[in-house]
Each structure stands twice: as structure tokens, then as C-alpha cells.
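Engineer: Following the hints, put chain D in place on chain X, whose structure we already have.
2 protein chains.
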Amino acid sequence: MPALGKGYNSHCLCFEFESRVIPQERLRSVEILPRGPHCSSTEIVARLVTGEKICLNPSATWVRRLVRYVIEKEALQRG
Amino acid sequence: MPALGKGYNSHCLCFEFESRVIPQERLRSVEILPRGPHCSSTEIVARLVTGEKICLNPSATWVRRLVRYVIEKEALQRG
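Residue numbers (the working numbering), protein chains in the order written: chain X, 1 to 79; chain D, 1 to 79.
Here chain X stands alone, though its shape is the one from the complex:
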């Protein structure tokens, strides 16, 4: 898995993306960093239950679905 630190530079955090699908139960948190002056693309950094941090491709359907699933599930259950 491409580690966060590997491709780190002073602009964008992510240099390469994890291509394998991360099951929700392996996910501790997911951080979304909108594009801005520091980086021209939105970045998504997942923290796994192992502590590992990996970059996800914000254009990948499964990544957007994962983020939506996490927030929509909450909304459905809480009303």
C-alpha cells in the first residue's frame, strides 16, 4: 500500500493512490482535504485500524461510495 509519507511534498499530500478497495471495517477514519492554493485536487486520506494512513483516489467510484455510505448510514439511523 502506498504510505502517506512516501509521496509527501510541500504541496499535495498524496502522490499515489491505493487501488485496492478498503472494506469499511478496516477504516478508522477518512479525511477529506478540499483543493486549494496548496494543491489543485481534492485529497482523501484514510486511516486504517492498523494505524496506517493511505491516500484514496477521490475520482474512484468506490471511494465516493464509501464516504457517502458512512455519512448516509448515520443519517438514516439517526433520522
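Hints listed in this document are in silico derivations from the structure and should not be mistaken for laboratory results. Please read all numbers here as calculations on a predicted model, not as lab measurements. Ideal Cβ placement from N, Cα and C applies to all residues, glycine included. Fair warning: there could be bad hints in the mix.
[Stated by the list, open to error] Calculated Cβ distances over 10 Å to all of chain X for the following chain D residues: (1) HIS11; (2) GLU16; (3) GLU18; (4) SER19; (5) ARG20; (6) VAL21.
[To be verified] No farther apart than 27 Å at their CA atoms in a straight line, the calculated lysine-lysine pairs in the DSS-like style are these: (7) D:LYS53 / D:LYS73; (8) D:LYS73 / X:LYS73; (9) X:LYS73 / X:LYS53; (10) X:LYS53 / D:LYS53; (11) X:LYS53 / D:LYS73; (12) X:LYS73 / D:LYS53.
[As the list claims (entries may be wrong)] Example chain X residues on the side facing chain D (calculated, C-beta under 8 Å, incomplete): (13) LEU27; (14) VAL30; (15) ILE32; (16) THR42; (17) PRO58.
Structural biologist: The following block gives chain D in isolation, referenced to the frame of chain X:
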């Protein structure tokens, strides 16, 4: 604004939510922590450009819309 640290306990991170809408340009990042053994609800922590960290209500429509906007905009522009 309710600071992250204020309501911190060893289980959930968030104790109270920001009720005011955060404009996207004030947002540096948004972190989603799915529910788990540590906390029975999904938590959403926003980091502002000022460095401040605040808890958002995952059940609030504007919060889900903000998260969706950030990831969907990226997908539309990148293909």
C-alpha cells in the same frame, strides 16, 4: 463555536455540534470517523483555515451536502 477539546472524552470525540453553516472556503479539511466500539455514532470533525477544529452534526443536511459537494465536485472535474 464548540471546540473539539471541550467535550472530549475517552469514547466519542464530539460532545456538542457547530450549528452554524461553515462555508466551503473556510474549510481546510473534514474528517469522518465511522461509528465503532469507541463511539456509537459517526463523527465529523472539520478543520478550519484558522486551525480551529469543530464537530459537525452528521445528521444535518448541510453537513452531508458539504461532504458530498467536496467529493462530487472533484469527480466531475477529473472525470
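Engineer: Which of the listed hints are not met by the structure?
Structural biologist: none
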